[in-house]
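Protein chains in written order, with this note's numbering: chain A, 1 to 247; chain B, 248 to 330.
Everything labelled a hint here was simulated from the structure, so no lab data went into it. Just so it is clear, the structure is predicted and the values come from calculations on it, not from any experiment. Even for Gly, the Cβ is constructed at its ideal location relative to N, Cα and C. Careful, some of the hints might be misleading.
Label pairs and their computed distance ranges (CB to CB) [what the hints assert, rightly or not]:
| # | chain 1 | residue 1 | chain 2 | residue 2 | range |
| --- | --- | --- | --- | --- | --- |
| 1 | B | 285 | A | 146 | 15 to 21 Å |
| 2 | B | 256 | A | 167 | 49 to 55 Å |
| 3 | B | 296 | A | 207 | 51 to 57 Å |
| 4 | A | 148 | B | 258 | 39 to 45 Å |
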Amino acid sequence: MLKSKEDLNQEIDWIVALAGNPNTGKSTVFNALTGLNQHTGNWPGKTVLKAEGTYAYGGYNYLLIDLPGTYSLFANSLEEQVARDYICFEQPDVSLIVTDATCLARHLNLVLQVLEITDKVVVCVNLLDEATRKGIQVNLEALSCELGVPVVGTTARDGVGLEELKETIALVAQRVICPQPRVISYDREIEGAIAELLPHLNVEAYPNLNKRWLALRLLEGDPSIFDYIKTPEAINEVLVKPVWAEG
Amino acid sequence: MAPSLNKIPIGQVCRIKEVTASGILRRRLLDLGFVPGGSVFIVRRAPLGDPTAYLVRGALIALREEEAATIDCRVKEEEDAFC
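Bound-form chain B, shown alone (with noise of 0.2 Å):
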């Protein structure tokens, strides 16, 4: 089973496999650059572990654990470009 992207540590990249979220907050994170396909950089994590920071598509963007936790991810060897 493909981790959740709140389960990934800090530091690693991973590549986004499906966006399972439905409805409003399914579009709000595809708009966001949540795209299938497309990589995320884990940046940082607030002190309670609450939200997360994530670079995506040249962005920083904070997702709360429950909306990462419906975005299932491949985890990535090494780090390539993105933006």
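The following block holds chain A by itself, in its conformation from the complex (with noise of 0.2 Å):
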């Protein structure tokens, strides 16, 4: 398992989970906003490498955990499960996702699916400057209302945008933004398996589980969830029946 709140140094006050899409530059804002405090190591068991590093921000300790960069959040490789593993039952405080301006729209399938995990997300559209020298220019704003979580513009190779994402960060960390992340409604058929299977999914150990996600998960057959939950015999009827099988 990796490691939860309770093992680490009783100094770290918040914790930041970092993901996005591979060659983000993800690792330049982890470098940027942990200076030289970062270093490297084994997730025990896992032959995946992250990275964790401290930065201090307002009075209070945050420790940054380097996901492996993923397009998607399924569980399909080793990376991707990790990655998801962490966000879905670590729960950090934050989940910071990094996207690459230049092509945004790549990116926001993987915020989409962070957003269907946990609310307590921020958004960094980072390379805005190379994004600029290609013409584009980002709505951030546009973005975050849509997404309905903070949004922050970053070229984070020359610092810049860093504090407004530090305090974005801190600001979620505390609760004193509590994000309203879209949710994504589906057909008819998929809605009301959800609705049917949510009254079943009490997972003692992760009470903090988003239910909605986990009953997605378990109807489209991911077997790698069923090691988290013991699944009761009701669920097992609800799964059963075909009516979405098909979809």
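Take each chain as given, in its own frame, and dock them per the hints.
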């Protein structure tokens, strides 16, 4: 298992998970935030490299966890599973998603997937300088409105936007800002199945786990999720109904 | 019938009509940016004809022939901006 908050040094006040597609400048953001404090290490029992580092802001110490770069959180690969499990089950205080302003559409897939798991999200639109050079202007306010979570523009390489990023992370960590992520609604059959599953989903070990997300993964038949939950009979009964299997 | 992505010649641009793959492959293709309505530019093919590199939403992605065969396309006359 990954480190949980209790195992870590007491001096850490907030844990921030850093997610994003590969080659997004995620590590640049990581290095820019942590300065020279970062070190790399292995997830115990995993071969995937991660990095963690600390920074102080506004009187609090933040532990930044650099998750493996992924296109998705559907646990088709070890990297995706590591990233998903951390955001899902370790429940960091803030999940920071780094995106590339030069091809934002490609990155919003991961953003929406994270928003389905947690509301404690800050989106960082990085590489704004390169986007400007390519003639791309990102309307950060409109993006924030559409997603329902704070969006901060940065050029991490030059340190632009980092203060605002730290401030936004602090506000979300302290629940001064409570993001209201856009809820993605599915077909009527799927929504019906979710509604039917929800009352049966009580995962004692993870009381804060997003049940709607869990229901979606169960409907999808994601086998990796069964490791974490004891599936009661009732869920199996709901799941064997073939209504949505054709979807 | 819409041509599948593996049948489109090098240098052409097409628009994705439908991803017919299912399960993990479908999920993977969608995650990589092969989404209905999106543009794909066919960049180059490996010497033995497989795999092929595609420019999709600003990234160069290589697909095997059998994977590209599950993506139905519409061929477009001219190139427009994609990313």
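Next item on the list: May I ask you to test the hint 49 to 55 Å on the CB atoms belonging to residue 256 of chain B and residue 167 of chain A?
Entry: holds (52 Å)
Margin query: Taking 39 to 45 Å as the stated bounds, is the beta-carbon spacing between residue 148 of chain A and residue 258 of chain B within them?
Written below: holds (41 Å)
Notebook entry, point to check: Is the gap between the beta carbons of residue 296 of chain B and residue 207 of chain A within 51 to 57 Å?
Noted result: About 54 Å separates the Cβ atoms of residue 296 of chain B and residue 207 of chain A, which means 51 to 57 Å holds.
Next item on the list: Could you check the hint for me, namely that residue 285 of chain B and residue 146 of chain A are 15 to 21 Å apart, CB to CB?
Entry: holds (19 Å)
Of the numbered hints given earlier, the model fails none.
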